[in-house]
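K.L.:
Start from the sequences and build out the full structure, keeping to the hints where you can.
Number of protein chains: 2
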Amino acid sequence: MIIVEGWVRMAGEDIGALRVAAAEMMRATKAAEPGCLEYAFALDLAEPGLLRVIERWVDEVALTAHFATPHMAAFNQALAGAKVLGANIKVYDADEVRTIMER
Amino acid sequence: MIIVEGWVRMAGEDIGALRVAAAEMMRATKAAEPGCLEYAFALDLAEPGLLRVIERWVDEVALTAHFATPHMAAFNQALAGAKVLGANIKVYDADEVRTIMER
Chain A
1 MIIVEGWVRM AGEDIGALRV AAAEMMRATK AAEPGCLEYA FALDLAEPGL
51 LRVIERWVDE VALTAHFATP HMAAFNQALA GAKVLGANIK VYDADEVRTI
101 MER
Chain B
1 MIIVEGWVRM AGEDIGALRV AAAEMMRATK AAEPGCLEYA FALDLAEPGL
51 LRVIERWVDE VALTAHFATP HMAAFNQALA GAKVLGANIK VYDADEVRTI
101 MER
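Protein chains in written order, with our numbering: chain A, 1 to 103; chain B, 1 to 103.
By construction, these hints were calculated from the structure, which means they are not laboratory data. Fair warning: this is a prediction, and the values are worked out from it, not measured in the lab. Check each hint, because a few of them may be wrong.
As the list claims (entries may be wrong) - The calculated DMTMM-like cross-link candidates involving lysine to aspartate or glutamate, where the alpha carbons are at most 20 Å apart (straight line), are:
1) A/K90 <-> B/D95
2) B/K30 <-> A/E47
3) B/K30 <-> A/E102
4) A/K90 <-> B/D14
5) A/K90 <-> B/E47
6) A/K90 <-> B/E38
7) A/K90 <-> A/E60
8) B/K90 <-> A/E102
9) A/K30 <-> B/E47
10) B/K83 <-> B/D14
Stated by the list, open to error - Interface residues of chain A toward chain B, partial, derived using beta-carbon atoms under 8 Å:
11) E5
12) A23
13) M26
14) L45
15) V58
16) V61
17) V84
18) G86
19) V91
20) Y92
21) A94
22) E96
23) T99
Think of the CB as a built atom: it goes at the ideal place given N, C-alpha and C, for glycine as much as any other residue.
P.N.:
Written out as structure tokens, the structure is:
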């Protein structure tokens, strides 16, 4: 399994403008990509200008295919208008160890 | 490295009530725990009642110690008033592979 984890720092108004496109990107990725196990954008609770990225994929092949999808192209167009103030997103090789909480 | 990733679903008013305690938990964990590499709560962009949990730790020893800290005890008290509608949080063994984005 591959985990993608990180953050993008933006001006608050840019995150507001991206909200609809980001929600659509989450929906389209989970609907159209069977190799996607999790795909979420979320607003940091302590710093509202920090967009957190959380993804899990079955393997690197699935992640590579993701970058070539039409919804990625559409999302990149939406992102082009946003000013990125900082970013750090990394890929991790991961194995599930245990469940802490499940309800 | 250990990654903790998952979500807790709550009523919107419960997340609002938790916001200050959660931000303090993020601050205290990063300030007091050298084995903590990342520790964040974030609101899902598509579902505001979904609190996402993102943590990275140097090892299992650091994660175990985290559960015994005074700030964890304080946060658990704050959590006691919230109604959890669903949850899924897992632990992963992880190795950094590469950086996708860094600015």
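K.L.:
Holds or violated: are the alpha carbons of B/K30 and A/E47 at most 20 Å from each other?
P.N.:
Status holds; Cα separation ~14 Å.
K.L.:
Does the alpha-carbon distance linking A/K30 and B/E47 stay inside the 20 Å limit?
P.N.:
holds, 14 Å
K.L.:
Holds or violated: A/K90 with B/D14, Cα cutoff 20 Å?
P.N.:
violated, 32 Å
K.L.:
Between B/K83 and B/D14, does the CA-CA distance stay at or below 20 Å?
P.N.:
holds, 7 Å
K.L.:
Is the hint on A/E96 kept, meaning its closest Cβ partner in chain B is under 8 Å away?
P.N.:
holds, 6 Å
K.L.:
A/K90 and B/E38: Cα distance at most 20 Å?
P.N.:
holds, 12 Å
K.L.:
Holds or violated: the hint that A/G86 contacts chain B, with Cβ atoms closer than 8 Å.
P.N.:
Because about 5 Å separates A/G86 from the closest Cβ in chain B, which is inside the 8 Å limit, the hint holds.
K.L.:
Holds or violated: is there a CB of chain B closer than 8 Å to the CB of A/V58?
P.N.:
Because about 14 Å separates A/V58 from the closest Cβ in chain B, which is outside the 8 Å limit, the hint is violated.
K.L.:
How about A/A23: closest beta carbon in chain B under 8 Å, or not?
P.N.:
This hint holds: A/A23 lies near chain B, its Cβ roughly 4 Å from the closest one there, short of 8 Å.
K.L.:
Could you grab the alpha-carbon distance between A/K90 and B/E47 and see if it respects the 20 Å cut-off?
P.N.:
violated, 24 Å
K.L.:
Please work out if B/K30 and A/E102 have their alpha carbons no farther apart than 20 Å.
P.N.:
Measuring from Cα to Cα gives roughly 25 Å; hence the hint is violated.
K.L.:
For the pair we were handed, A/K90 and A/E60, check the Cα-Cα distance against 20 Å.
P.N.:
holds, 13 Å
Checked against the numbered hints above, the structure breaks hints 3, 4, 5, 15 and 16 and satisfies the rest.
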